[in-house]
Structures are given as structure tokens and as C-alpha cells.
Amino acid sequence: MTERPTRTAGRTRGEIVALAALVVILVGFPAGVLLYQFVVRPAVADVRTIDLLARVPETGGITPETIKVAAGEPVRLRVSVPDVTHGIAIGPGLALDLGHVDPGQVKEVRVTFERPGRYTVYCNVWCSPNHWRMRSTILVYDPARPDAALPSDAPDPVIESLAARHVDLDAPHEAPAVPARPFASERGARVVDRLGPALPADLARPEWRRRHSPAQAWARLVAAGLARDEAWDAVAHLWVGALDGARLEAVATLFRKNCAACHGESGDGRGPGAAALAAQGIGQHGGAAAPKKPAAFTRAGSMLGGTSELYYAKVRRGGMGTGMPSWGPVLTRDETWMLVDYLWTLQFRPARAPRV
Amino acid sequence: MTRARLWLLLPFGALALVVLLVPLPFAPAPVTRELTVVARQFAFEPPVLRVNRGDRVRLTLEASDVVHGLHVDEYGVDARVEPGIARRVEFVADRAGKFRYRCSVSCGPLHPFMTGELVVSPNLPFVRAVGLTLVVLAATLVSLRRLPPGGAPGTT
Ligand SMILES: [Cu+2]
Ligand SMILES: [Cu+2]
Numbered sequence: 401m402t403e404r405p406t407r408t409a410g411r412t413r414g415e416i417v418a419l420a421a422l423v424v425i426l427v428g429f430p431a432g433v434l435l436y437q438f439v440v441r442p443a444v445a446d447v448r449t450i451d452l453l454a455r456v457p458e459t460g461g462i463t464p465e466t467i468k469v470a471a472g473e474p475v476r477l478r479v480s481v482p483d484v485t486h487g488i489a490i491g492p493g494l495a496l497d498l499g500h501v502d503p504g505q506v507k508e509v510r511v512t513f514e515r516p517g518r519y520t521v522y523c524n525v526w527c528s529p530n531h532w533r534m535r536s537t538i539l540v541y542d543p544a545r546p547d548a549a550l551p552s553d554a555p556d557p558v559i560e561s562l563a564a565r566h567v568d569l570d571a572p573h574e575a576p577a578v579p580a581r582p583f584a585s586e587r588g589a590r591v592v593d594r595l596g597p598a599l600p601a602d603l604a605r606p607e608w609r610r611r612h613s614p615a616q617a618w619a620r621l622v623a624a625g626l627a628r629d630e631a632w633d634a635v636a637h638l639w640v641g642a643l644d645g646a647r648l649e650a651v652a653t654l655f656r657k658n659c660a661a662c663h664g665e666s667g668d669g670r671g672p673g674a675a676a677l678a679a680q681g682i683g684q685h686g687g688a689a690a691p692k693k694p695a696a697f698t699r700a701g702s703m704l705g706g707t708s709e710l711y712y713a714k715v716r717r718g719g720m721g722t723g724m725p726s727w728g729p730v731l732t733r734d735e736t737w738m739l740v741d742y743l744w745t746l747q748f749r750p751a752r753a754p755r756v
Numbered sequence: 009m010t011r012a013r014l015w016l017l018l019p020f021g022a023l024a025l026v027v028l029l030v031p032l033p034f035a036p037a038p039v040t041r042e043l044t045v046v047a048r049q050f051a052f053e054p055p056v057l058r059v060n061r062g063d064r065v066r067l068t069l070e071a072s073d074v075v076h077g078l079h080v081d082e083y084g085v086d087a088r089v090e091p092g093i094a095r096r097v098e099f100v101a102d103r104a105g106k107f108r109y110r111c112s113v114s115c116g117p118l119h120p121f122m123t124g125e126l127v128v129s130p131n132l133p134f135v136r137a138v139g140l141t142l143v144v145l146a147a148t149l150v151s152l153r154r155l156p157p158g159g160a161p162g163t164t
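Sequences listed follow chains A and B, in order. Numbers in our numbering are just positions in the first sequence, counted from 1, shifted up by 400. Numbers in our numbering are just positions in the second sequence, counted from 1, shifted up by 8.
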């Protein structure tokens with residue numbers, strides 16, 4: 401009667417072949433990709449790859465939040481970003497900055513952490529009102545003793561000494577006197593030259609200057625007989641001496657990347673991040689009368705009444721609920737001192753701050 | 009062409025010269041324009057930049073939330089700007105017209121709609137051309153009116 405193709409279990413041979421092809425495509429292809437991604441690639445890779453996903457903190461921040469790596473083990477860090485541009489860097493003391501990572505871009509870097517310790521992956525491009533919370537930790541352990549506690553940083557002598565003297569980092573530090581005319585540190589250099597050995601010995605010592613405020617130094621100079629304006633110029637000269645040339649350029653970049661969004665490029669406290677903090681009500685806490693805004697380093701009153709070591713400690717510790725991030729886990733001590741010196745430059749020599 | 013008619017056209021010639029050469033009050037000599045553009049999700053403030061042709065444009069670019077870019081195709085301008093770090097961009101607006109500029113850094117879902125406009129005006133040769141056409145038109149009308157009735161132009 402009718403001629404029908406051979407059937408096996410109700411299907412023609414052709415149907416079975418087609419079905420097999422379909423199964424190979426639908427199951428085999430994804431399986432192959434996954435196999436390659438998670439089995440073949442790690443097996444043939446020369447080093448371990450760690451994938452970091454960087455998102456604004458509202459949707460997860462940098463993940464994974466903690467990564468364990470053996471000291472001396474080379475690893476490849478691969479960073480991708482799904483939302484907006486971030487800047488990914490790792491500190492302290494690694495000089496590791498991948499720069500901007502744009503959405504859709506993948507940046508990778510090979511690193512070997514030589515010394516056990518705690519490192520911080522952080523974002524250095526303002527990317528959201530919570531940008532400054534965007535951090536994760538890399539724990540580098542000693543492969544010989546993987547379970548040993550990580551060496552914690554030796555206590556910071558500057559901060560210890562402030563604590564021993566019961567200095568309250570958060571107390572207001574308004575200067576009793578402020579200059580009546582703009583500073584001229586160049587004029588100040590001539591004043592200091594002229595004074596020569598008559599310059600009070602304390603003022604010539606960098607350690608003394610770190611522990612005392614410009615206002616205190618000014619009072620000493622006025623007591624030594626200097627005119628009020630001249631005394632300010634001399635103080636300006638003494639306080640900005642440390643930074644110049646390449647060091648100034650480097651620290652200006654550090655400041656722009658990490659601090660300018662809140663404190664403003666010129667240090668006037670009016671960066672776009674300041675507005676974002678205010679809109680979120682950050683800094684308004686503990687029954688404070690007014691929220692603490694990012695400090696204005698260009699304002700003479702508060703700046704001249706503070707000391708370098710106070711600012712150093714505040715930068716490393718952070719602002720305790722004010723939105724001022726804690727920079728201890730990110731910056732080296734030396735970088736912190738350079739930043740403090742830069743803050744003085746913004747106060748004493750605003751025109752000298754390098755511009756982009 | 010009669011001598012009298014030539015004399016008649018002389019004032020129009022002078023007028024044409026004036027139209028071509030007079031400095032127009034609304035087209036001042038090129039200046040340096042300092043403009044600030046603030047980029048935010050998902051707009052530029054101000055959305056329209058107006059300059060005159062020949063001006064040197066000195067843009068200060070700021071970002072208030074995330075990284076943005078500013079890209080003007082026709083002028084080869086492309087800069088990215090981070091919140092907190094102002095960028096300065098300089099170019100000479102040597103081509104007149106309306107140019108669309110856009111954000112060149114993917115900055116969120118509405119990023120493709122983040123555009124602005126650069127208006128380089130006025131188009132001076134155009135204004136003068138219009139003036140010149142009017143003068144020629146007037147001259148033609150006047151000379152035609154003076155023709156003897158029925159006479160063809162140019163017959164002596
Ligand atoms: Cu970020
Ligand atoms: Cu944008």
C-alpha cells in the first residue's frame with residue numbers, strides 16, 4: 401500500500417539525526433563553553449586569574465569582598481565594570497593603578513604580592529554618592545604558614561603620640577588670628593633669610609612644625625618682634641617648603657583622584673561629592689547642630705589652627721560618620737604626609753597648585 | 009548704455025561695496041569665549057553653546073556625578089571628565105553651523121540621549137549675500153523704471 405520510510409520507535413532515521421544534532425547544539429555548545437571557561441582555561445593558564453567585578457556600592461561595590469592570595473604567587477587580576485566608569489587601584493604602597501575602567505571594558509594586570517599583609521582594592525573615580533565605600537580587601541598570607549594571623553601594621557607612632565597626649569581629633573581648631581592680606585611665601589623667604597639665626601630655633605625644626613599650628617608659629621614670630629604681616633609670610637614660607645617639582649605634581653594627582661571630588665580641586669570644600677553627601681544627610685548625626693561638610697583647606701580660620709600631625713591622623717583614621725573616608729588602608733604613611741603638605745600648599749600658595 | 013544711466017548706477021555700486029565691507033554690528037571681531045559646561049546624568053548644562061565664527065572657545069568641562077565625555081565630531085574635540093577634576097578644552101570655531109555634541113563615555117541607561125548643541129553663528133557671507141542681492145534687485149528696478157516706454161534695455 402503506502403510506502404513509508406523505515407521507522408524506529410515511531411521516528412524516522414532522519415528525525416533521529418535531526419534530534420541528535422539539536423541536542424548537540426543546545427546542550428553541547430553551552431557545556432563546551434562552560435567547560436572551556438571553568439576547566440580547560442584554568443588548567444592551561446600559567447597563573448591563577450581572579451575576576452573582580454566593580455559596581456557602584458548601591459548595587460554591590462567591588463566583589464569578591466575579600467580575596468586570599470599567597471605571598472609570592474603571581475596572579476592575574478581581571479576587572480570588569482557593568483555600570484559606569486570606575487578607577488581601580490590597589491594600595492598601600494604598590495603603585496598599582498589600572499586607571500579608568502569603562503563599562504564593557506575588561507582590564508587585567510599581573511601582580512605578585514611579595515609581602516604578607518592586608519591590601520585594599522579601591523575606586524579612585526567619583527562614581528556615586530557612596531563612591532568612597534567602594535573597597536575590597538586582598539589578604540596576602542605566608543604560604544609557609546597559611547593559617548598564621550596576618551602581620552598587622554606596627555602602630556603608627558604619630559597617632560599613638562596624639563592619643564597619649566589626649567588630643568581630640570574632632571575638636572574644633574579655629575585659629576585665634578588670621579592674616580589681614582594674602583600670603584606671599586616668596587616674601588616670607590626673604591624675611592626668614594633676613595632673620596637668620598634670629599629665627600626662633602623651634603620654627604626651623606620640621607618636627608616642631610608638624611606638632612604646632614601655623615597660628616602658634618605666627619604668635620612666636622610676633623613675640624620675637626616681627627610685624628604681623630611679615631610673620632604670616634614667614635610662616636607661609638616655612639610651611640610650604642617641603643613640596644616642589646615632581647613630588648608636587650605626583651601629590652597633586654593623588655589629591656585630585658582621591659580627595660578633590662569632596663574637597664574641591666582648589667581645596668575650597670565644594671566638590672560635587674560635597675553636594676552628594678549633603679543630599680544624603682551624611683555628617684548629620686549624633687545631634688550635631690550642623691552637618692560636617694568636607695573641610696575647606698583654603699579657609700584660613702580653621703586651617704591655620706590645626707597641625708600637620710592632626711591632619712595626618714584625620715586622613716588616616718577618617719571622619720567617623722562624616723563621609724570623610726579612612727585612608728589608612730589605602731595610602732602609605734609617606735603618601736599621607738605628602739598630602740598634608742599639599743593641603744598647606746592649597747592654603748598658603750593657592751596659585752601654585754598645578755592645573756590640568 | 010548712456011552716460012546718464014551709468015551715473016545713476018554709481019550709487020548702487022557704492023552701496024554694494026558698503027554691504028560687502030562694512031563691519032556688521034552683530035558680528036564682533038573674534039574673541040576668546042570662556043564657557044563652562046557641567047555634565048551630569050543625562051544632560052549637559054547649558055544644553056546649547058552659542059559662539060561666533062572665528063571665536064576661540066575655551067571650555068571648562070565639569071562632571072557632577074560620574075565620568076562623562078564631550079565629543080564634537082566636526083571639531084575633533086573629545087575629552088573625558090571626572091567629577092571633581094575640571095578639564096579644559098580649547099578650539100577655534102572656524103566652521104559655522106549647528107553641531108551636535110554628545111557624551112562619549114557610557115554613563116548609564118540614558119547615555120545615548122546625552123547630547124547638546126554647539127551653535128556657531130552668524131553666517132556672515134550669507135548675511136552679506138542677502139544684502140548684495142537686495143542692492144542688485146533695487147538697481148535693476150530703478151534702471152528698468154527709467155527705460156523709455158517700449159524700449160529694450162541697452163539700446164542706444
Ligand atoms: Cu567607583
Ligand atoms: Cu554622560
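Any given hint might turn out to be false.
[Said to hold, decoys possible] Just a sample of chain B residues kept apart from chain A, beta carbon distances all over 10 Å, derived:
1. 43
2. 53
3. 64
4. 75
5. 84
6. 91
7. 99
8. 113
9. 152
[What the hints assert, rightly or not] Anything over 10 Å on all C-beta distances counts as not near chain B; from chain A, calculated:
10. 411
11. 502
12. 557
13. 563
14. 608
15. 628
16. 656
17. 665
18. 718
19. 749
[Stated by the list, open to error] Listed next, with one range per pair, are the computed distances between beta-carbon atoms:
20. B:64 with A:586: 47 to 57 Å
21. A:544 with B:84: 29 to 39 Å
22. B:110 with A:557: 48 to 58 Å
23. B:66 with A:590: 33 to 43 Å
24. A:441 with B:98: 42 to 52 Å
Because the hints were derived from the structure by calculation, they are not lab data. The structure presented is a predicted model; accordingly, all values stated were derived computationally and were not measured. Using N, Cα and C, we set each Cβ at its ideal position, and we do this for glycine too.
So the hint says 33 to 43 Å: do the beta-carbon atoms of residue 66 (chain B) and residue 590 (chain A) match that?
For residue 66 (chain B) and residue 590 (chain A) the Cβ distance comes to about 36 Å; the hint holds.
Exclusion check [residue 665 (chain A) not at the chain B interface, CB over 10 Å]
Given a closest Cβ separation of 6 Å, the condition is violated.
Does residue 608 (chain A) clear chain B by more than 10 Å, comparing its Cβ with all Cβ atoms of that chain?
Holds, because the least Cβ-Cβ distance between residue 608 (chain A) and chain B comes to about 34 Å, which exceeds 10 Å.
With 10 Å as the threshold, tell me whether residue 84 (chain B) passes as away from chain A on beta-carbon distances.
holds (19 Å)
Since residue 749 (chain A) was said not to touch the interface, does its Cβ keep a gap of more than 10 Å from each Cβ of chain B?
Consistent with the label, residue 749 (chain A) stays out of reach of chain B, its closest Cβ about 19 Å off (over 10 Å).
Can we confirm that no CB of chain B comes within 10 Å of the CB of residue 628 (chain A)?
Fine: 35 Å to the nearest Cβ keeps residue 628 (chain A) off the interface.
Does the beta carbon distance between residue 64 (chain B) and residue 586 (chain A) stay inside 47 to 57 Å, or does it fall outside?
Given about 32 Å between the Cβ atoms, the range is violated.
Could you check that no beta carbon of chain B comes within 10 Å of the beta carbon of residue 563 (chain A)?
holds (32 Å)
Would you say residue 411 (chain A) is clear of chain B, with no C-beta pair closer than or equal to 10 Å?
holds (48 Å)
Take a quick look at residue 718 (chain A) and tell me if its Cβ sits farther than 10 Å from every Cβ on chain B, holds or violated.
About 18 Å separates residue 718 (chain A) from the closest Cβ of chain B, which puts it past 10 Å; holds.
Least C-beta distance from residue 64 (chain B) to chain A larger than 10 Å
Holds, since 18 Å exceeds 10 Å.
Should the hint that residue 544 (chain A) and residue 84 (chain B) are 29 to 39 Å apart at their CB atoms be regarded as holding?
This hint is violated: roughly 57 Å between Cβ atoms.
The structure is inconsistent with the numbered hints 4, 6, 8, 11, 16, 17, 20, 21, although it conforms to all the rest.
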